[in-house]
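The whole structure should be built from the sequences, with the hints applied where relevant.
Residue numbers (our numbering), protein chains in the order written: chain A, 1 to 366; chain B, 1001 to 1366; chain C, 2001 to 2366; chain D, 3001 to 3366.
Simulated from the structure, these hints should not be mistaken for lab results. Hints may be right or wrong, so weigh each one.
[What the hints assert, rightly or not] Calculated pairs, DSSO-like style, for lysine-lysine (alpha carbon to alpha carbon, straight line, at most 27 angstroms):
(1) D:3327 <-> C:2266
(2) C:2327 <-> D:3266
(3) A:266 <-> B:1327
(4) B:1327 <-> B:1198
These numbers come from a predicted model, not from an experiment.
4 protein chains.
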Amino acid sequence: MNTYGHIFRLTTFGESHGAAIGGVIDGMPAGVTFDEELLRLEMSRRRPGQSRITTARRETDEVEILSGIFEGKTTGTPIGFIVRNADHHSDDYDNLRHILRPSHADFTFLEKYGIRDHRGGGRASARETLSRVVAGAFAKMALRCYGIRIQAWTRQVGDIRLTRRMTEEDLRHTEENAVRCPDSLTAERMERLILEVKREGDTIGGIVECRITGCPAGMGDPVFGKLHARLAAAMMGINAAKGFEYGLGFEAACSRGSQTNDAFVKNEKNDDPRRVRTLTNYSGGIQGGISNGEDIEFRVAFKPVATLLQEQLTTDTEGNATHTHPKGRHDPCVVPRAVPIVEAMAAITLLDALLLNRTVRINHSS
Amino acid sequence: MNTYGHIFRLTTFGESHGAAIGGVIDGMPAGVTFDEELLRLEMSRRRPGQSRITTARRETDEVEILSGIFEGKTTGTPIGFIVRNADHHSDDYDNLRHILRPSHADFTFLEKYGIRDHRGGGRASARETLSRVVAGAFAKMALRCYGIRIQAWTRQVGDIRLTRRMTEEDLRHTEENAVRCPDSLTAERMERLILEVKREGDTIGGIVECRITGCPAGMGDPVFGKLHARLAAAMMGINAAKGFEYGLGFEAACSRGSQTNDAFVKNEKNDDPRRVRTLTNYSGGIQGGISNGEDIEFRVAFKPVATLLQEQLTTDTEGNATHTHPKGRHDPCVVPRAVPIVEAMAAITLLDALLLNRTVRINHSS
Amino acid sequence: MNTYGHIFRLTTFGESHGAAIGGVIDGMPAGVTFDEELLRLEMSRRRPGQSRITTARRETDEVEILSGIFEGKTTGTPIGFIVRNADHHSDDYDNLRHILRPSHADFTFLEKYGIRDHRGGGRASARETLSRVVAGAFAKMALRCYGIRIQAWTRQVGDIRLTRRMTEEDLRHTEENAVRCPDSLTAERMERLILEVKREGDTIGGIVECRITGCPAGMGDPVFGKLHARLAAAMMGINAAKGFEYGLGFEAACSRGSQTNDAFVKNEKNDDPRRVRTLTNYSGGIQGGISNGEDIEFRVAFKPVATLLQEQLTTDTEGNATHTHPKGRHDPCVVPRAVPIVEAMAAITLLDALLLNRTVRINHSS
Amino acid sequence: MNTYGHIFRLTTFGESHGAAIGGVIDGMPAGVTFDEELLRLEMSRRRPGQSRITTARRETDEVEILSGIFEGKTTGTPIGFIVRNADHHSDDYDNLRHILRPSHADFTFLEKYGIRDHRGGGRASARETLSRVVAGAFAKMALRCYGIRIQAWTRQVGDIRLTRRMTEEDLRHTEENAVRCPDSLTAERMERLILEVKREGDTIGGIVECRITGCPAGMGDPVFGKLHARLAAAMMGINAAKGFEYGLGFEAACSRGSQTNDAFVKNEKNDDPRRVRTLTNYSGGIQGGISNGEDIEFRVAFKPVATLLQEQLTTDTEGNATHTHPKGRHDPCVVPRAVPIVEAMAAITLLDALLLNRTVRINHSS
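Encoded structure:
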């Protein structure tokens, strides 16, 4: 099950320390201009070694596109791509061959398959998300033809969090700091916390928020394929994700219907084709599993990275007590680098829903 | 997209006020004893009108099994089933034909399909979940052959919440009160709150928690089909769900790796085949997307029901201002009745993962 | 795997002698006028007991539509339907519980599932095709909105075959005789042969041909989802089908490229939007797996029914020699009744391809 | 839709004259020894330029495996692979940019996608089948763990055909001649015919036959996923295939049930676990869509290659009359090189069915 999506589908392959990772993007609509710059930008946003708060591991992450593009346009045929694995420090992992690292996938892979590539996390490595960023970049190329934009940012690191709603203006500043928090003062505090945690050889969790603007009403299916259910699956498929919520989210538990229902009102704006809007957006842009044309808003909680630069007690594969050898280079906080991955998975999910939505009426236009 | 699952698959159909709702369960393993009593019990747990805190709407919810069972055992062929819609008060909805009820799916269905059955929420009605409870009951029949048990309970209603971890002993008392909260004192406070909210014609949200015990290691896939991603999609597909988290969940954002990693230890119990266990279970029983043999634990947040017994301002389908006519019979809080639905979707998801897991090794046993 | 299709999907359930058979049609486009008369007609075409050359078994085959239609139109939600099993002669089958009938599915079901409903063929009964005819009727309702027509006929029974190409005028006479052969003289000879075979308690095979007119270019996918590969799977899924060919078919083996390539020519007809046509149609309307706008033409070979009114030697489930007890009522030749089923599966496949084809370009119309 | 299979899944990408072709094999069971020699052998069997009866085009076809194998064994994670496109004669195709070659996919690709890579057939090139041979080799590595062997051979070229049943002994000689016909005298006549056709700049069709031995009973699903329906889809997805039949095939049309039913008999062989066998095998090893443990036998008809070394009349993309420029290097008959591709697709289909079959019983072994 290394394929995601129904119409726009991504299939990925590759281990952290194998020859290459890569994938196949199937169902990319024909006739989209290939924007190499956008692809390069998204790749660089995900890349490690960007700042002092991320891992020092260097990955050149050069994507080679192998098919599906002809004379600068997508052809509707599958887009194969690979990224060579260059910066191998496989020796860093030799002592891990028989160790079950706490809260990693070592034990569960072994239990499932009876065999595993132990080097650098193998298939469980977050390096796999690189393929999702490639597919996400292609999805964005298609989505912007419809005016759909996706932007994510760091909302919380440890107990430091944004306390007000981010405006479109705020979001323009997201990429100006290493933590990808639109508010520069909060960003500074987050960065200080991450550096402190890093000095202690520890790691810390956080929350990414994402907003999708320009999404027309009608995306998503009413029962099992609810748009937020698809987004949830997409987000929970990202390494280290522990929770997903949209609109009111977990606060809904404490809410009353009289305070959180979104009333419809006539849309009076002339330059906007929508007949009605909602006064509020507690629904997070999705009602009954289908987008209602308002901003789609959701949040994803990430746990602290399991790899510490501290010794940890655990066992080997035989159950004998041992401890981890703190080595290697790892992020003290995944959240800043998770931001482009959240966007990528959202873009893939949205484009898939948009294409599926073309099939639901007998007379369909656009 | 009215099908859920890969191997064990549920396809549902039916509108709230049509002739019937029902579904097809495909991929049910052959040779399972059909437990009619269990099916009846699960249906009665979901049924409205059970107590003063649920809707007074009566549904007999008589399930008719049409195929797939022969001489008391499942045959491996699809199980078709229907439940007739009996208690029609379609007239209650006649005035709703042109009204866009706030935070319902009226608007989005219309935008998506250009047509909708407006009676009783049509396909968006929570009555559809009845089909999931039927499939969940069959999944439970299969899962218990493997010693896998699934139990959900009400963890929070409004701001009243359980503050300690529920033991297995606690959980035995879940079904003893109308709110399905294992702690009787908390249950009483929840019930009082729900009745108060009901008197005001309002509704309130809450949180359901679920625990799966006896699940072997190895369920779930490493990348897109992570077990928690599948559970997230399953849970977010339930009406009114707004958030999902497992293990540490959103608290992970404030956590440090040094405090929340789950160390492995040798299993010393003689009557337990597992070689290793984890000392703690911050992972919620899932590591790298694959079950590790510990209890699987997750929570689902539900919003307050959108239908109020209060007048609400909104528009009609043309955008003209109007207001809702508070009529009909609705739950002031969906959480107690969501408990068996959460269990059902968890059972369906687990059985699917268990069957899929049989295919991953060249030499497979059990 | 009781679901067929990607976007327009049919899931079926039901055993021959269970309570009912039926299914769920998912992905039916919204806004199609429900044509009850068409559904009734298609059902009556498939029904046994229509003439002296078919089985005397009577099935009322009353379809009950349970959902997905509102005020005479499809709503885009799933269409559930059932057909009660009325004419049970289960006693006819009691002596078959332990017998492995030659060339039936008795043995293979038992080997696969370890259990089987032996009455009337159970799930392997051709009665299941009834559900496909229902879905096919809905597909036809949608396809005719696009001017796509599907017509099948009996081309061969035993060694009696049509020797010239059927014209549109010929095909108007297909339903005028019991064998569904458009040429009345050939039809008479076929009917005589079937009656002769029937008198001997024997059965005979034949070939159904099918033509799809009005299908636009572009249906089907280039690699695994070739339109003819989908049609092949659809047709080979019909009971008793043994072969499939399209266009030149098996004759292609003896052909030379210089004689069977289809040259393109400019289309000079003013009332036809197609720029080019092919001079010949050896391709059967499909090139590179994609429809080219010419008539799609294919043929399906059916074996003689395995149930004879003659005693046959075989074994019981333990391997002990025994013989079949010729009882029950069966068709001496399935071909005439296979005609509407071939059309139904073709319609389902075409509509699915048509809806999928809406997703392949970034700017899509119609 | 560039993915084939349910559990064992192949996704392919790549155009004939792009950077590379390749694919991802997902669902390969863990723990299988990687047999590089077998992979190399299968690749060489498909390779052009093997003899004077195939195209002179040289392809080195060096497969690079990028993931999914660790220390000589499969790990259960996806196997990514690429084959660089080396021998580009893109100039051969420049004059074809605006020409619609007869019976090629030029026109239909353009109609479907609005854009196409015209070089060397692009995505429609038979070079894509290389990826299937890679996946087929992996499938064979897994299948032989179960004693399942797949062998195909050339049964007919033009009007020269095998007239007797090939024995296991015959089949040992299949690879001894360039046409892959097990009977050396027939092979010689076929080769002469192909050379004669080639001299005339023409092409010719033929038939490939395939036999699967050692397949246990129980593979395949009863309704839509019939084993022969899956094989039909697999085979019809191979370039130039025009027809598929299994067991009796099209001859069934002329057959009577009394002559072609397969009676069961007790199996008296001590070294064979099967309780019963069939006396004859008109069923081709499949009954009711499920394998019965006898040899599976089917045939695939291929048309003559559409590319001729003769001038052909046709139009350009605007509908203007023009003619093809006979250039390039092509096979006069695809059948010999189709043999390993038929085997590959059969192997992929069988392994998928075998893995799926593990999920159908509650208590499953092996």
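Residue 1327 of chain B and residue 1198 of chain B were given as a pair; does the straight-line alpha-carbon distance stay at or below 27 angstroms? holds, 13 angstroms
Please verify whether residue 266 of chain A and residue 1327 of chain B have alpha carbons no more than 27 angstroms apart. Status holds; Cα separation ~24 angstroms.
Given pair status - residue 2266 of chain C, residue 3327 of chain D, alpha carbons within 27 angstroms: Holds: residue 3327 of chain D and residue 2266 of chain C sit about 24 angstroms apart, inside 27 angstroms.
Does residue 3266 of chain D sit within 27 angstroms of residue 2327 of chain C, going by the straight-line distance between their CA atoms? OK: residue 2327 of chain C and residue 3266 of chain D at ~24 angstroms, within 27 angstroms.
When each numbered hint is compared with the structure, no violation occurs for any of them.
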